[in-house]
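Asks: In case you want the letters, here they are:
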Amino acid sequence: MQTGRPSAKYGVTDALVIGYGNDLRTDDGAGRWVATQVEALELPGVEVRSLSQLTPELSLEVAGRGVVIFVDASVDASEVTVKRVDAEPSGPKTMTHHGDPATLLSLVPTVGELPAQAYVVSVPATNLEMGLELTAATQVAASEAVARIVELLAERGTEEGS
Amino acid sequence: MHDLVVIDPVSRIEGHAKITIALDDDGEVARTRFHVTEFRGFEEFCVGRPVWEMPSLSARTCGICPVSHLLASSKTGDAVMGVRIPDTAVRLRRVANLGQIIQSHALSFFHLSAPDLLLGFDADPAVRNVFGLMADAPELARRGIRLRGFGQSVIEAIAGRKVHSPGIVPGGIADPMTEETRLELLAGLDEASDTAGLALDLFTGMLDQFDREVRAFGEFPSYFMGLANDDGVWEHYDGHLKVVDATGAVAADRVDVADYRTIIGESASVDSYLKSPYFKPAVEAGDPVELGMYRVGPLARLNVCKTMGSPLGDEALAEFRERAGGVATSSFFYHYARLVEVLTATEQMRDLLENPTITDSMVRATAGVNHRHAIGSSEAPRGTLFHEYDVDPAGLLEKINMIIATGQNNLPMNATVHQIAKEWIDGPVIPEEILNRVEAGIRAYDPCLSCSTHAIGQMPLVITLEGADGETLCEVRRD
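Read top to bottom, the protein sequences are chains S and P. 131 is the number that this note's numbering gives to position 131 of the first sequence; each next residue is one higher, with no gaps. 271 is the number that this note's numbering gives to position 271 of the second sequence; each next residue is one higher, with no gaps.
The set of hints was computed from the structure by calculation and includes no laboratory data. Given the structure is predicted, the values throughout are model-derived calculations rather than measurements. Some hints here could point you the wrong way.
Short derived list, chain P residues pointing at chain S, Cβ under 7 Å [to be verified]:
| no. | residue |
| --- | --- |
| 1 | PHE45 |
| 2 | ARG49 |
| 3 | PRO50 |
| 4 | HIS111 |
| 5 | LEU140 |
| 6 | ILE145 |
| 7 | GLY149 |
| 8 | GLN152 |
| 9 | ARG182 |
| 10 | ARG350 |
Ideal Cβ positions, reconstructed from N, Cα and C, are used throughout, including at glycine.
Using the sequences provided together with the hints, build the complete structure.
Replies: Dropping the structure here:
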């Protein structure tokens with residue numbers, strides 16, 4: 001099983017963090033804000049992407065990873081949540097120009113191996129109007145999400161090392 | 001009794017829309033409307049920002065074709081500064097736009113439309129999607145993903161990031177291309193070109209099965225508009241505006257993009273946030289704007305140009321025109337035109353990357369504000385895109401107008417829905433396969449309503465069928 005992949009910045013990377021959303025829509029940019037913070041930590045073996053949306057060719061980057069963490073804003077969440085996510089067993093009925101993590105994972109077997117683990121980190125969002133800054137509450141939650149992701153990656157590193 | 005069908009939401013396109021179909025007393029389709037129910041706000045949101053930020057901001061209008069907005073916005077910025085950007089910057093912008101065309105067309109064909117074409121419009125909707133395609137034709141699905149991945153890697157190489165790239169700026173390009181990058185991109189071109197060729201063979205091999213769709217998916221006369229150059233070669237980045245009619249006769253040519261308002265008028269309707277641009281010279285005062293209906297995008301670009309300017313592209317164009325009987329007037333041929341463009345894009349990209357000057361370090365001109373009003377244009381995958389700005393002496397934006405490709409195809413999309421409804425709807429119910437054909441008629445234009453209305457989200461559709469008295473007889477929803 002492939003457990004790492006080349007990255008110009010980090011050498012061989014096993015983990016991929018994808019923060020996505022619209023950073024011109026106030027709290028909708030929480031996932032991208034988290035991605036930026038995680039990238040600034042320069043964690044070894046961790047590659048980070050900040051994107052507006054999930055698109056099919058991302059399956060090429062997800063394939064073969066040890067762990068993939070998707071980070072998105074959620075108006076349905078009241079607190080930061082970390083949940084395992086698997087490929088849709090049969091796929092959704094329709095697919096437009098962008099998709100969700102389960103849909104994206106469903107595409108991966110076409111181009112490579114599914115990641116060993118995949119998670120969705122949801123950051124509570126309350127304001128999706130036009131705006132460049134996160135609201136104070138989402139800012140706090142996004143900071144917590146960064147800490148949870150670092151913890152998740154560290155735990156995983158410990159498990160692999162043990 | 002007068003019946004009405006509403007399709008809401010339309011699926012597998014970007015944005016949010018509904019379709020209303022009214023039947024007459026005999027149960028025949030009397031009229032149809034394609035409404036866009038999202039609201040645009042981008043032009044207001046960006047007022048007050050520096051013009052230098054506008055490429056990066058406007059690229060966020062759309063996650064599918066950000067390079068198109070980067071280019072149109074940066075070209076408008078070039079004009080605000082009044083600079084002629086370095087030749088290498090022009091070449092790099094062209095390569096980026098070719099990468100954009102490749103990735104966007106790959107998504108449209110392989111992910112959004114191939115399920116209909118390969119599995120059939122009447123196939124079980126549970127399998128008539130990209131996952132059904134993966135099961136039925138895994139190698140094709142894999143190639144589609146990799147082709148789009150290649151296009152995205154081109155964008156990333158030049159613009160710095162795959163989506164909402166900041167590397168294309170007023171004055172040129174932020175960073176020169178390295179030799180390593182040039183070689184990496186060249187190495188990916190063979191597979192991209194092979195995939196385009198395979199897709200073309202596949203499509204032309206299937207075309208005879210879709211005779212009825214060719215005749216009913218937007219087969220009507222209209223004008224066609226695109227950027228053109230003096231050599232008549234397929235153009236996607238620069239040049240002037242050219243308009244031809246359904247016979248191929250030139251209706252307007254050598255129109256400077258800054259004078260686009262001399263040939264393009266805009267009308268609005270109360271039931272849609274999408275305006276309806278029209279070819280102004282064809283519409284006298286009091287005439288219906290439909291007389292000036294024109295199409296933009298791949299179909300129009302192939303109808304406007306004389307040649308594709310590359311061997312494989314020209315071979316494909318010759319066959320395209322032979323199959324279309326000259327000027328292609330069926331919107332079903334948008335799919336075909338996209339594949340011809342992808343193949344051509346790989347050839348033109350190779351020519352540009354093999355030019356040693358592509359790694360030249362001189363890629364950006366700098367200047368302050370020298371013009372308070374400017375217009376820039378480029379060919380987005382979906383058609384001609386205009387940005388128009390007014391700025392204050394410090395370069396802060398005072399007024400913004402964007403004319404988006406999908407908006408320009410509003411009238412033909414409406415006409416296409418009407419034609420499909422007339423062809424297939426018979427009575428006050430809408431079977432799933434008919435719903436899918438109505439949707440597919442819109443999908444042929446690959447509309448990006450998020451972009452054209454400047455809102456976010458995917459594109460669900462509702463179709464409503466109304467009676468003569470306005471009563472809703474049937475409503476079909478695709479979330």
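Asks: It remains to establish, for every hint, whether it holds in the given structure.
Replies: Hint check:
1. PHE45: 5 Å, holds
2. ARG49: At about 10 Å, which exceeds the 7 Å cut-off, the nearest Cβ of chain S leaves the hint on ARG49/P violated.
3. PRO50: 14 Å, violated
4. HIS111: With a closest approach of 6 Å, the HIS111/P hint holds.
5. LEU140: 10 Å, violated
6. ILE145: Holds, because the Cβ-Cβ distance from ILE145/P to chain S comes to roughly 5 Å (cut-off 7 Å).
7. GLY149: Holds, about 4 Å.
8. GLN152: Hint on GLN152/P: holds, closest Cβ of chain S at ~6 Å, below 7 Å.
9. ARG182: 16 Å, violated
10. ARG350: 21 Å, violated
In this structure, the hints that do not hold are numbers 2, 3, 5, 9 and 10, in rising order.
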